[in-house]
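Chemist: Residue numbers (the UniProt record's numbering), protein chains in the order written: chain A, 1 to 301; chain B, 1 to 301; chain C, 1 to 301.
Heads up, a few of these hints could be off.
Cut-off 20 Å, straight-line C-alpha distance, at most; resulting in silico cross-link-like pairs (EDC-like, lysine to aspartate or glutamate) [as the list claims (entries may be wrong)]:
hint, chain 1, residue 1, chain 2, residue 2
1, B, K268, B, E215
2, A, K218, B, D88
3, A, K268, C, E215
4, B, K218, C, D261
Cβ-to-Cβ under 7 Å is the rule here; a few derived chain A residues that face chain B [claimed, not checked]:
hint, residue
5, G168
6, G220
7, L225
8, P247
9, A257
10, L278
11, N282
12, Q283
13, Y293
Just so you know, the hints here were simulated from the structure itself, not pulled from any lab data. C-beta atoms are modelled at their ideal positions from N, C-alpha and C, and glycine is treated no differently.
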Amino acid sequence: MALKSSNLLKQLFRPHHLLKYGQTPIERFASGIPIVFHRKASSSDKLVDVAVDDKTGIATVTLQRPPVNSLNLELLEQFISALQAVEDNKSSGMILTSASPTVFSAGLDIMEMYKPKPDRVKKFWTTLQDMWLKLYSSPYPTVAAINGHSPAGGCLLALSCEYRIMVGPKYSIGLNETQLGIVAPRWFQDSMKNVIPIRQAELALTTGRMFSTEEALKIGLVDALAKDKADALSQAANFLLQMKKIPRVARGLTKQACRQDAIGWLEKNRDLDLQIFLTFVNQPAVQKGLELYLESLKKKQ
Amino acid sequence: MALKSSNLLKQLFRPHHLLKYGQTPIERFASGIPIVFHRKASSSDKLVDVAVDDKTGIATVTLQRPPVNSLNLELLEQFISALQAVEDNKSSGMILTSASPTVFSAGLDIMEMYKPKPDRVKKFWTTLQDMWLKLYSSPYPTVAAINGHSPAGGCLLALSCEYRIMVGPKYSIGLNETQLGIVAPRWFQDSMKNVIPIRQAELALTTGRMFSTEEALKIGLVDALAKDKADALSQAANFLLQMKKIPRVARGLTKQACRQDAIGWLEKNRDLDLQIFLTFVNQPAVQKGLELYLESLKKKQ
Amino acid sequence: MALKSSNLLKQLFRPHHLLKYGQTPIERFASGIPIVFHRKASSSDKLVDVAVDDKTGIATVTLQRPPVNSLNLELLEQFISALQAVEDNKSSGMILTSASPTVFSAGLDIMEMYKPKPDRVKKFWTTLQDMWLKLYSSPYPTVAAINGHSPAGGCLLALSCEYRIMVGPKYSIGLNETQLGIVAPRWFQDSMKNVIPIRQAELALTTGRMFSTEEALKIGLVDALAKDKADALSQAANFLLQMKKIPRVARGLTKQACRQDAIGWLEKNRDLDLQIFLTFVNQPAVQKGLELYLESLKKKQ
C-alpha cells in the first residue's frame, strides 16, 4: 500500500491547505501551459481518430478533442476502444499523436473534477485506471509522437508507450501535478521511475518539473527529438517496423514482465487508489481552487 | 507473481504463433551466433575445470563443453559442484571463463528442449534455477572474464557475477531471447535490471538486443574491456584481490542483501516459473521450430 | 524479508570471522576517518541546535556533539525532537549541518555497541529506526549541508534528506560499513539505491567505498559542491526557497509516495531488523574488535 489513506486524510485537512501561497495552484499552472475552458463534448463526438496504413500495417491514433485534448470520460472511453481495435486487427503497432498544433494532451479535464457528480467522477477515475492498465500492459507495440506540450496526464500517456519522440524545441513535458497542488498517483510515479533514474524522478515529481524537449532528451524522458510532426511520425514508424521483426508473442510477454510490478500494484490497489482520488477531489479547498480558476477563464472570454 | 499463467497460456495458443515471420526464430538466431549440433555429453565428461592459484588463492572456473558451452543438465550440475567446492576451500574468489576461443557460453542447450522427456526437462529447469540461486546469492566474490559471444543463458551467467570484463571488440552479449521467440524469465530480467538502467533493460529485453563490447561497456552491461583472454583474467584477478581486503562475512551478507529482491522472487515462485517453462517448451509450435532448425543443421553436416 | 536471520546466524558464527585480515576492521576504518574516544554525554547536554531565520523561515539544525557527532542515543533523541519542532512551527524547510570543522557525522557511536546493556542497546537501535523513519518520510523539505567527512551513519543522514550539498574537495562520504566488518541494514541500502544507480550501489556497498567529493558529485551521491560551509548553507537555502513555491501538502505526499517502498519495508520489519542488529553486536568477535580499538585509543591519549 503506497499511501495510508488515514494519514492522507489527516494531512489533507490540516489548515495549511492548497491555497496558502497567494495564487491558486491552478492559476500558477495556467500561466505556463495553455488550458482553456471549452464546451462539454457530447458522446457522439469522435474524439479519437484511427488510421491504418495499408502498406505498413501501422495504426495512427490521433487525439482530437479541441482545443487541448483534455482527458474526459468520453475521450478515455474512445481511446480504450481504439486500443482494442488496433490490437484486434492486423496492424503492426500504434503511433499515438495529437490533432492540436501545440498540445499533445493537457492532461485530465478539470471539468470532470469541478462539482463532481458521485457516479460520473467515480466512472471517470476507474476509466482512467482502465486506460492505463490497457495501454501500459498492452503486448502491442506503442510509440508516442509528442507534437506539443504534454503536462500531467498528457505526460502519463507518453510514458505509457514504449518509445517517445518529441517535436522540439518549443514544447515541454512532465508530471507537474504538485504545481497544481495535487499528487501524482503511485502508478503515474511508477510510469516515470521506469523511464528516468529514480533520483531524478523524485526531484521531478516533488517539484512538478516541466522539462524542455532538450532537457527531456538528456534525462531520458523522451528517446528522440523531431523537427516537426511529420518527422516524428516517420521516426515512430521506423521504431515500429523494427519491432515488427521481433516474434510477437515473446515480445509482448517480455514487455508485460518488465512492467509487471507497476501493473500489479494498481491491479491490487484499484479501490484504494480510487478512494484517495475521491477524498481529494471532494475537498472544499480543491473545489474552491477550481471555481476561482474557471471564473478567471470566463472573464478572459 | 510476475506473469499470470492463465494469461500466458491464452496468449501462447493464439493463432499468431512463433513461426509467423517466415523464418523460424531459431534460424534467425543461428544466422547471428554460432550454435551447432553436437554429441550428447556423457555424465563422465568433465565439463567444468577448476584451477586454484596457490599464490593468490583465486579459483578459475572454466566452462569446457565443446563447441559452445551450451548449458545442458550435466554442465549445470558440474558448475554447481564447482561453485560449492570453491566456496568450501580457502580460495579468495572465482573467475568464470570459457575454454572456447570464440564463445563464452551460447546459453541453454536446445537439445534439452527438443522432444523433452518429462523427468529430464523438469530436472533441467530446476537445476538451472538452483545454479542461478547459488551463483547469484553466493557470498563468495565472483567475476566473469567473458572471452567470446555471450547470448541468452551465457549473458545470464555473466550478469550473475559481481563484475564483468569482456574481451573486445569482436564479441556480442545480451539477453536475446525474444529474437528466438522465447521469453527471458523474470529472474533473467531482474539480473539485467540490477546492472543497467531499467529503461535500457526494457528496450534491450523486448528487442532481444545483442550489444557489441563497446556498446556493452557504454551501457554498463560490462564493467571493463580487455584486449585478450590473458588481459581479462589479469583484470579479473585484480578485482578479486581488491575484494579480498574487505571483511568477508560483512561483504557476503551485504551482497546478498543487495540482491535479495531478485533472489526472493524466484525462491517464492520456483514452481510457477517451472510451469511456465514446461508449458512453453511443450507447445507444438516450439517443437516444430526446434525440429526445423535441427534438420537444417544435419543438412549442413 | 530481506535477510533470513537463520542464514545470517550461521554465517556470522563461521570460523572465518571478522578479524581474519590481520587488522581489525575498526582499526582499518580508524586509519581513514577520525574517530576518537570521548566522554559520555549527559542527558542534559544540548547536542542539537535549532536556529530559525525570521526572514526566510528556514530552520538550520546543527549537530554539535564533539568531537565528531557520533550518533548516540541522546543525540538521536534530540534530533527527533528537533525535526518535530521544525515541522510543527512555521519554518519553510530544514538545513542539516555540523558544528565540527571537519566531520559532518562519523556515524553510530561505538560506545553504544561496546559491552552493551540489553535495554540501552535495544533503545538505541529502535531510536535509530525512529529517526530514519521520521527524517526519510517527513513531508517537510530537507537538505544536507555536508561540511565534513560523512561515513556510515553520517552518510545515511545525508541520504535521507532530499538534496545534498557537500563542501569540497577534502572530505569523503559513503556507506563504508563492510570496511568495518559490519553490514549496512536494508534501509541504509535502500536509501542509497534511491539516490545512485543500483549497479553502483552494489559495488559501493559491497566494498564499503568512501567517495571523494568530486566522485560523489559525479555518481550522484551528492547534488552539488560548495567551497565552504557558508556557500553550502547558501545553496541549501536556495533549494528550500525553490521548494517553498510548491504547494505544501501535495509536495509532501508526493515525496512520501516516492519513498514508500523503503519506508514500508522497515515499518513491516522493525523487529527483524532489531534482532539482526542485536545478534550481531553481541558476538564475541565483534566485542573483541571494539575492545582492541578502544584500548588503542587510550594508549594514544
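Chemist: Under 7 Å is the threshold here; is the Cβ of A257/A close enough to any Cβ of chain B for the hint to stand?
Modeler: This interface hint holds because 5 Å falls under the 7 Å limit.
Chemist: Given Q283/A as an interface hint, is its Cβ closer than 7 Å to any Cβ of chain B?
Modeler: Check failed: Cβ of Q283/A comes no nearer than 35 Å to chain B, outside 7 Å.
Chemist: Does K268/B pair with E215/B here, judged by a C-alpha cut-off of 20 Å?
Modeler: 34 Å, violated
Chemist: L225/A was flagged as interface toward chain B. Is the shortest Cβ-Cβ separation under 7 Å?
Modeler: Violated, about 17 Å.
Chemist: Is the interface hint for Y293/A satisfied, with its Cβ closer than 7 Å to some Cβ of chain B?
Modeler: Cβ of Y293/A sits 35 Å from chain B, so the hint is violated.
Chemist: CA of K218/A to CA of D88/B, is that 20 Å or under?
Modeler: 48 Å, violated
Chemist: With a cut-off of 7 Å, does the beta carbon of G220/A approach a beta carbon of chain B closely enough for the hint to hold?
Modeler: 6 Å, holds
Chemist: Could you check if P247/A really has its C-beta closer than 7 Å to a C-beta on chain B?
Modeler: Cβ of P247/A sits 4 Å from chain B, so the hint holds.
Chemist: Was the hint right that N282/A lines chain B, CB cutoff 7 Å?
Modeler: The hint is violated - N282/A has no Cβ within 7 Å of chain B, the shortest such distance being about 35 Å.
Chemist: Can you confirm whether the C-alpha distance between K218/B and D261/C stays at or below 20 Å?
Modeler: 30 Å, violated
Chemist: Minimum Cβ distance from L278/A to chain B below 7 Å?
Modeler: Where the cut-off is 7 Å and the nearest Cβ of chain B is about 29 Å from L278/A, the hint is violated.
Chemist: Holds or violated: G168/A as interface residue toward chain B, Cβ cutoff 7 Å?
Modeler: Violated. Min distance 20 Å.
In this structure, the earlier hints numbered 1, 2, 3, 4, 5, 7, 10, 11, 12, 13 are contradicted, and the remaining ones agree with it.
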